[in-house]
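J.: Residues per chain, in single letters:
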Amino acid sequence: MDNQKQSILHSRLQSYTLGIAGVGGLGSNAAISLARVGIGRFILVDFDRVEESNLNRQYFFREHIGKYKVEVIRELINRIDPTIQVTTYKQRLEPGKMAPFFKDADVIIEALDAAETKTQFIEEIQQKYPKKLLVAASGVAGYGHMDRIKTMTCGTLALCYDPKAKSSEEDVLMAPKVCAMANWQADIAITYLLEKE
Amino acid sequence: MTLSVNNKQISYIEQETVVALLKRLNFTFPLLVVKINGTLIPRESYDTTIIPKDASIQIIHMISGG
Chain A
179 MDNQKQSILH SRLQSYTLGI AGVGGLGSNA AISLARVGIG RFILVDFDRV EESNLNRQYF
239 FREHIGKYKV EVIRELINRI DPTIQVTTYK QRLEPGKMAP FFKDADVIIE ALDAAETKTQ
299 FIEEIQQKYP KKLLVAASGV AGYGHMDRIK TMTCGTLALC YDPKAKSSEE DVLMAPKVCA
359 MANWQADIAI TYLLEKE
Chain B
59 MTLSVNNKQI SYIEQETVVA LLKRLNFTFP LLVVKINGTL IPRESYDTTI IPKDASIQII
119 HMISGG
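Taken in sequence, the protein lines are chains A and B. The opening residue of the first sequence carries number 179 in my numbering; numbering runs sequentially from there. The opening residue of the second sequence carries number 59 in my numbering; numbering runs sequentially from there.
Certain hints may be false.
[Stated by the list, open to error] Anything over 12 Å on all C-beta distances counts as not near chain B; from chain A, calculated:
# : residue
1 : 179
2 : 279
3 : 331
[Claimed, not checked] BS3-like, lysine-lysine: derived pairs with alpha carbons at most 25 Å apart:
#  : chain 1 : residue 1 : chain 2 : residue 2
4  : B       : 93        : A       : 306
5  : A       : 328       : A       : 309
6  : A       : 309       : B       : 93
7  : A       : 344       : B       : 93
8  : B       : 93        : B       : 81
9  : A       : 310       : A       : 275
10 : B       : 81        : B       : 66
11 : A       : 309       : A       : 342
12 : B       : 66        : A       : 344
13 : B       : 81        : B       : 111
14 : A       : 328       : A       : 374
15 : A       : 342       : A       : 328
16 : A       : 328       : A       : 310
17 : A       : 281       : B       : 93
18 : B       : 93        : B       : 66
19 : A       : 275       : A       : 309
20 : A       : 374       : A       : 183
21 : B       : 93        : A       : 310
22 : B       : 93        : B       : 111
23 : A       : 309       : A       : 281
24 : A       : 310       : A       : 281
25 : B       : 66        : A       : 342
26 : A       : 245       : A       : 310
27 : A       : 342       : B       : 81
28 : B       : 93        : A       : 342
29 : B       : 93        : A       : 275
30 : A       : 268       : A       : 306
31 : A       : 306       : A       : 245
32 : A       : 374       : B       : 93
33 : A       : 268       : A       : 245
34 : A       : 309       : A       : 374
35 : B       : 93        : A       : 328
36 : B       : 66        : A       : 328
37 : A       : 281       : A       : 306
38 : A       : 344       : B       : 81
39 : A       : 268       : A       : 281
40 : B       : 66        : B       : 111
Worth flagging that the hints you see were computed from the coordinates, not collected in a lab. In this text, all values refer to a predicted model and were calculated from it rather than measured experimentally. All C-beta atoms in this analysis are idealised placements derived from N, C-alpha and C, irrespective of residue type, glycine included.
Based on the provided sequences and hints, a complete structural model is requested.
T.: Dropping the structure here:
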């Protein structure tokens, strides 16, 4: 491994702010990977608390049950690197009010669950911040067929996409595919940040 | 003249709206993201937005789960 290159990339990523909408299966796993590679500041938005049913795919442990997800992820990020700044909002993303949280983000990750909220979020963010990269995901449910996942890029919207997946109402959500897509989103985000300079 | 939809070429129809295009392509999913030449088209504008000549269109189907 090229340690010098690794350290250069880590310090370049420190100047960036990542906004994450939803800190469940996609958001919690993406946040941890992005903290490990050096992102310097996070904005996390999620109203929810950790439940036992989240432990099959989300980056939480048994002792976190009942706690706010954004608070737990802030603590875990700071266990990786105490200098990372984490701004948390324990709020639901309501239609018409989604964009302002992410004003200071260089890249925004859509990590929401319901298709309706995802679509609404993409519309609001792309209209309010047409120049910011928005990394979304669609089709995270199920297992197998991981080779169907692809990146679809249209302008400043990049989508990690399995077009043939069923929705989470009709299929299961499991760690291997959810974590793969979360990390796929994280990889799109850092690639953009490292290559835009 | 043609249109590009998700990188596939289809025929261009004059004065076609987004609603008409989605119908022509048999998109029945309720939750789509539509971008024309890189610009996002909000859902409330689907019936008033006319597809321009030689447009590059991306239509993405949003699926629940996260």
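J.: Against this structure, judge whether each hint is valid.
T.: Against the structure, the hints:
1. 179: Answer for residue 179 (chain A): holds, closest chain B Cβ roughly 32 Å.
2. 279: Answer for residue 279 (chain A): holds, closest chain B Cβ roughly 17 Å.
3. 331: 9 Å, violated
4. B:93 to A:306: 15 Å, holds
5. A:328 to A:309: 22 Å, holds
6. A:309 to B:93: 14 Å, holds
7. A:344 to B:93: 23 Å, holds
8. B:93 to B:81: 16 Å, holds
9. A:310 to A:275: 17 Å, holds
10. B:81 to B:66: Given that 25 Å is the threshold and the Cα spacing comes to 17 Å, the pair holds.
11. A:309 to A:342: Violated, at about 29 Å.
12. B:66 to A:344: 24 Å, holds
13. B:81 to B:111: 18 Å, holds
14. A:328 to A:374: 21 Å, holds
15. A:342 to A:328: Distance of about 11 Å is within 25 Å: holds.
16. A:328 to A:310: Holds, because 21 Å separates the two Cα atoms, which is no more than 25 Å.
17. A:281 to B:93: 22 Å, holds
18. B:93 to B:66: With Cα atoms ~15 Å apart, residue 93 (chain B) and residue 66 (chain B) stay inside 25 Å; holds.
19. A:275 to A:309: Within the cut-off at roughly 19 Å; holds.
20. A:374 to A:183: At roughly 17 Å apart (the allowed maximum being 25 Å), residue 183 (chain A) and residue 374 (chain A) satisfy the hint.
21. B:93 to A:310: 15 Å, holds
22. B:93 to B:111: Roughly 15 Å between the alpha carbons, so the hint for residue 93 (chain B) and residue 111 (chain B) holds.
23. A:309 to A:281: Status holds; Cα separation ~12 Å.
24. A:310 to A:281: Since the Cα atoms of residue 310 (chain A) and residue 281 (chain A) sit roughly 10 Å apart, the hinted pair holds (cutoff 25 Å).
25. B:66 to A:342: With Cα atoms ~18 Å apart, residue 66 (chain B) and residue 342 (chain A) stay inside 25 Å; holds.
26. A:245 to A:310: 31 Å, violated
27. A:342 to B:81: Since the Cα atoms of residue 342 (chain A) and residue 81 (chain B) sit roughly 20 Å apart, the hinted pair holds (cutoff 25 Å).
28. B:93 to A:342: 20 Å, holds
29. B:93 to A:275: Given that 25 Å is the threshold and the Cα spacing comes to 22 Å, the pair holds.
30. A:268 to A:306: 22 Å, holds
31. A:306 to A:245: Violated, at about 32 Å.
32. A:374 to B:93: Holds. Residue 374 (chain A) to residue 93 (chain B) sits at ~22 Å (cutoff 25 Å).
33. A:268 to A:245: Since the Cα atoms of residue 268 (chain A) and residue 245 (chain A) sit roughly 11 Å apart, the hinted pair holds (cutoff 25 Å).
34. A:309 to A:374: 13 Å, holds
35. B:93 to A:328: Roughly 18 Å separates the two Cα atoms, so the pair holds.
36. B:66 to A:328: 17 Å, holds
37. A:281 to A:306: At roughly 9 Å apart (the allowed maximum being 25 Å), residue 306 (chain A) and residue 281 (chain A) satisfy the hint.
38. A:344 to B:81: The given pair, whose Cα atoms are some 22 Å apart, holds under the 25 Å limit.
39. A:268 to A:281: This hinted pair holds, its Cα atoms lying about 17 Å apart.
40. B:66 to B:111: OK: residue 66 (chain B) and residue 111 (chain B) at ~15 Å, within 25 Å.
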